[in-house]
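J.: Heads up: the protein sequence lines correspond to chains G and H, in order.
For reference, each letter of the first sequence is one residue, going 1 to 470 in the working numbering.
For reference, each letter of the second sequence is one residue, going 471 to 895 in the working numbering.
Don't read these hints as lab results, they were simulated from the structure.
Warning: the hint list may mix true and false statements.
Below, a sample of chain G positions facing chain H; criterion: calculated Cβ distance under 10 Å [unchecked claim]:
#1 Gly35
#2 Glu47
#3 Ala48
#4 Gln49
#5 Ile52
#6 Tyr95
#7 Phe224
From the derived model, a few chain H residues whose C-beta atoms are all more than 10 Å from chain G [unchecked claim]:
#8 Trp590
#9 Leu599
#10 Ala799
The beta-carbon is built from N, C-alpha and C at its ideal position, and this holds for glycine as well.
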Amino acid sequence: MQFAREIRHVFLALLLMLAALGLSASYWAVAGTSGLLQRDDNPRRIEAQARIQRGAILDRDARPLVQTVAGERALERQYLAPATFSAVGYHSLRYGVGGVEAAFDALLSGGEPDSLAEYFRRHLLRAPQIGADIRLTLDLDMQSALAAAMAGQAGAAVVLDASDGAIRALLSLPSYDPNRLDAEWDALAASAGKPFFNRALQGQYQPGGSMYSLLLAEALAADFDLSTRFMDGAETLALDANTTVACLVPPPQDALTLPEAFVYGCPAPFAAFLAGEYGAAAAGMLESYRFDRPATLDGFPQPDALAPPESQVRGTLDDSLRDALGQGRVTTPPLHLASIMAAIAGDGSFSPPYIHEATRQPETDSWMPAQRESSRFRILGESVAAELRALLRDSWASLADAPTAGWEAGAQLARSQSGEGDQTWLNGYVASQSGERLAFVIVLEAAADIGDALAAGEALLKATAGNASR
Amino acid sequence: MSRLGRPAAGDRVEWLLLALAACFVAAGMASLSLALPDRPGAWIGLAVWLAGAGLGALLLRRYLPRRDPLLYPVAMLLSGWGLVAIERLAPAFAARQSAWLLIALAGMLAVALKPQALRWLRRYRYVLLALALTLLLATIALGSNPSGFDLAPRLWLSVGTVFFQPSELMKIVLLAFLASYLGEGSAALRLQEARPAPFLSPRLLGPTLLMWLLSLLILLWQRDLGAAMLFFLVFLLLLYVAYGDWRVLLGGSLLALLAGGVAYAIFDVVRLRVDIWLNPWLEAEGRAYQVVQSLMAVASGGIFGAGPGLGSPGYVPVAHSDFIFAALAEEWGLLGVIAVLGCFGAIAWRGFAIASQWSGRAFHALFAAGLTIMLVGQALMIMAGVLKLAPLTGVTLPFVSYGGSSLLVCFLMIGLLLRLSAEAP
């Protein structure tokens with residue numbers, strides 16, 4: 001038959017080419033999908049994100065902090081509580097996610113389908129992707145009180161429930177308005193105040209006088225006689241060529257006991273204590289209080305640098321002295337110090353902090369408690385913690401007005417020095433007669449007036465008492 | 471590759487396939503209306519398609535009883551799918567495409583039902599070729615581009631707001647001319663097979679070089695890489711069918727490579743297409759944006775696709791024309807892609823089956839084979855470009871892409887194939 005062979009050859013060649021196209025399409029549509037679709041220049045990725053109805057973020061009393069509403073042209077993410085902006089973070093199609101929005105992005109955005117039915121619902125029926133609501137441990141009143149008291153400052157504040165590590169307040173200043181992020185991103189990113197840097201979680205502050213609580217704990221644990229007076233207790237110490245430390249509040253006399261030095265923030269008695277037979281024991285306290293493994297929150301940015309490793313911590317005596325006085329190589333994020341204060345406010349146990357309390361899946365009414373690791377461990381004896389609380393109460397009584405009736409409060413003022421300036425700390429606790437105990441740490445950068453820190457502490461006490469009376 | 475049953479059985483097959491195509495197109499339009507309620511034109515397009523498909527089937531059944539029963543439903547399915555896609559991608563062009571569909575169907579019926587069509591094409595091949603070449607040359611002087619961009623290739627002649635692409639008409643005329651020319655020479659040449667190197671015969675070399683030069687001319691003057699490549703590819707395959715010597719494919723491919731190398735060095739358009747084919751990722755947001763976005767569209771569609779109106783094919787520039795295959799892949803998924811490939815596979819199957827039936831008549835066999843190669847080859851070229859298997863050529867996807875001239879000529883080719891199938895011994 002004329003041409004039959006050639007026609008068959010051409011037909012087969014064209015069929016082979018069609019098959020090659022089928023294979024190529026299969027590659028791009030199935031095997032090569034992930035790399036291609038995750039590219040930054042894929043506009044569909046951004047469009048798909050814009051269609052996701054992210055879940056709401058609520059405080060512990062289910063008051064909305066962040067919500068998604070239908071705008072004129074697209075879904076809009078609204079941030080409702082300015083005091084919580086630094087904690088809840090941001091969600092931007094252009095700049096990604098930060099804070100709580102980043103840590104719980106999978107929950108808030110609905111994540112990947114967890115069942116075949118959901119897969120088909122989403123990918124075949126093109127059902128909208130709806131994220132779960134999450135309830136945080138944050139207390140909006142407490143957060144607002146702290147934010148108002150610390151307005152205009154740079155620093156951080158952390159409030160923890162001493163019984164389980166729940167974070168009641170988490171503040172980092174200066175902050176930003178996530179509602180205006182796209183418009184202000186460049187200016188914020190270039191700002192000297194580094195508003196995207198969460199000082200409460202990532203800040204590496206020298207603890208300075210905050211260490212005196214822990215030195216007192218060591219003294220108590222070692223049955224040191226706290227009535228022992230140290231001569232020249234008010235003198236200024238030169239730790240090195242650049243660092244001198246002095247009393248935070250001028251004491252009425254030069255000879256001071258350790259509790260008196262604690263109240264006035266005087267370093268000399270603690271240095272003398274460390275120079276004696278207790279110095280060697282105190283050298284190990286950096287490990288005991290886990291400064292080499294500071295408390296972190298899963299999913300949140302971690303501190304940039306941790307404390308020096310054990311071999312360096314056990315350096316010369318001078319190094320150990322400086323470290324123990326909080327002016328050495330040891331730095332800490334406020335969250336970690338708050339966790340230690342929570343141990344003091346409680347039974348001496350260290351509870352890993354957490355912020356996520358419960359989850360409510362889309363189209364359901366019930367809240368499911370968030371799963372978390374319960375890994376409490378003791379860092380202080382119960383009696384030592386109780387004695388420290390008493391010392392903190394004395395310290396607070398000398399600094400500020402008495403708390404509301406039915407409440408007890410204790411706090412210590414401290415100062416630390418870093419290359420970028422001084423920081424003022426207010427570390428303490430609040431407890432009600434019913435047993436609720438909160439620990440707090442407030443740090444203000446370049447605060448010349450210790451009154452600023454005290455004002456923040458008093459605002460926190462009022463908010464705590466106000467909450468209890470609701 | 472043989473005739474599909476008796477006329478009555480063929481009618482039933484054709485109606486069944488047409489009914490299935492109608493269901494598919496109606497479902498596509500309905501889905502589109504649900505997803506994008508602001509597209510009332512979808513129902514007008516569907517009405518036009520149903521009316522055209524039904525009327526065409528009735529006339530074919532009455533006046534062309536021995537036709538191939540697969541070609542018409544497959545062409546209608548593809549054109550209906552194209553209407554859905556154009557309504558989704560460029561609703562402003564959908565009404566115009568619907569009108570062109572009616573014109574194209576009228577043209578198809580005209581050539582399919584006209585007994586003299588094939589004879590005229592053969593008898594007046596020189597006149598028609600001269601006319602087509604004149605029109606082609608006219609585009610060099612008077613050509614325009616519907617987009618209005620100064621730098622866009624001027625491949626169209628316009629009368630008011632109606633644009634026509636002479637190179638589309640050239641396809642049929644050239645195929646008729648080649649089938650006639652090669653058909654007359656093939657018998658004599660095949661007798662010389664015992665002699666050494668028959669492929670060096672002037673009768674073979676002459677038209678080969680002529681077509682090569684014509685293709686280069688189209689590329690040189692019109693910067694129409696797609697048409698140039700398509701014409702040369704079809705010619706080579708047809709030459710192989712006519713003379714049965716694989717060396718013509720080898721020699722022709724070498725010539726094509728040579729021309730390609732020269733074109734790469736001389737023409738920006740060729741260099742651009744080759745460069746972005748080899749590595750589009752370097753300029754994903756620049757010159758290779760269209761290719762990269764089309765690959766993303768295919769990837770985004772996955773296996774099942776986003777669904778009509780639910781994807782984002784608008785990110786692929788000119789998706790309703792050259793890149794409509796990417797849009798189909800995004801909204802109908804890999805399954806849709808396989809369906810499109812299957813449709814063109816079916817056209818190849820039936821087209822070559824018709825060619826095989828004309829074993830005793832070289833012109834008819836070569837013409838049927840040429841029409842089939844032209845339709846399927848064009849589809850292969852653009853789909854391979856979209857999937858980064860070959861450089862982009864800027865041709866339309868037959869029956870599916872937006873474009874009146876393309877749609878008309880594709881249906882004319884189907885009409886001619888139907889005529890050839892009906893007259894086959």
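J.: Evaluate each hint against the coordinates.
T.: Hint check:
For G:Gly35, the interface hint holds, since its Cβ comes within 10 Å of a Cβ in chain H; the closest pair sits about 9 Å apart. For G:Glu47, the suggested interface contact is upheld, since its CB lies about 6 Å from the closest CB of chain H, less than 10 Å. The restraint placing G:Ala48 at the interface with chain H holds, with a minimum CB-CB distance near 9 Å, inside the 10 Å limit. With a least beta-carbon distance of about 13 Å to chain H, the hint placing G:Gln49 at the interface is violated under the 10 Å criterion.
For the restraint placing G:Ile52 at the interface with chain H, the shortest Cβ-Cβ distance is roughly 15 Å, beyond the 10 Å limit, so the hint is violated. A least Cβ separation of about 19 Å between G:Tyr95 and chain H goes past the 10 Å threshold, and the interface hint is therefore violated. Taking 10 Å as the C-beta cut-off, the interface hint given for G:Phe224 is violated, the closest approach to chain H being about 69 Å. Under the 10 Å C-beta cut-off, the non-interface status given to H:Trp590 relative to chain G holds; the minimum distance is some 23 Å.
Annotated as non-interface, H:Leu599 keeps its C-beta farther than 10 Å from every C-beta of chain G; the closest such distance is 23 Å. Against chain G, the non-interface label of H:Ala799 is violated: not every CB pair exceeds 10 Å, the least being about 7 Å.
In terms of the numbered hints stated before, the structure departs from hints 4, 5, 6, 7 and 10, listed from lowest to highest.
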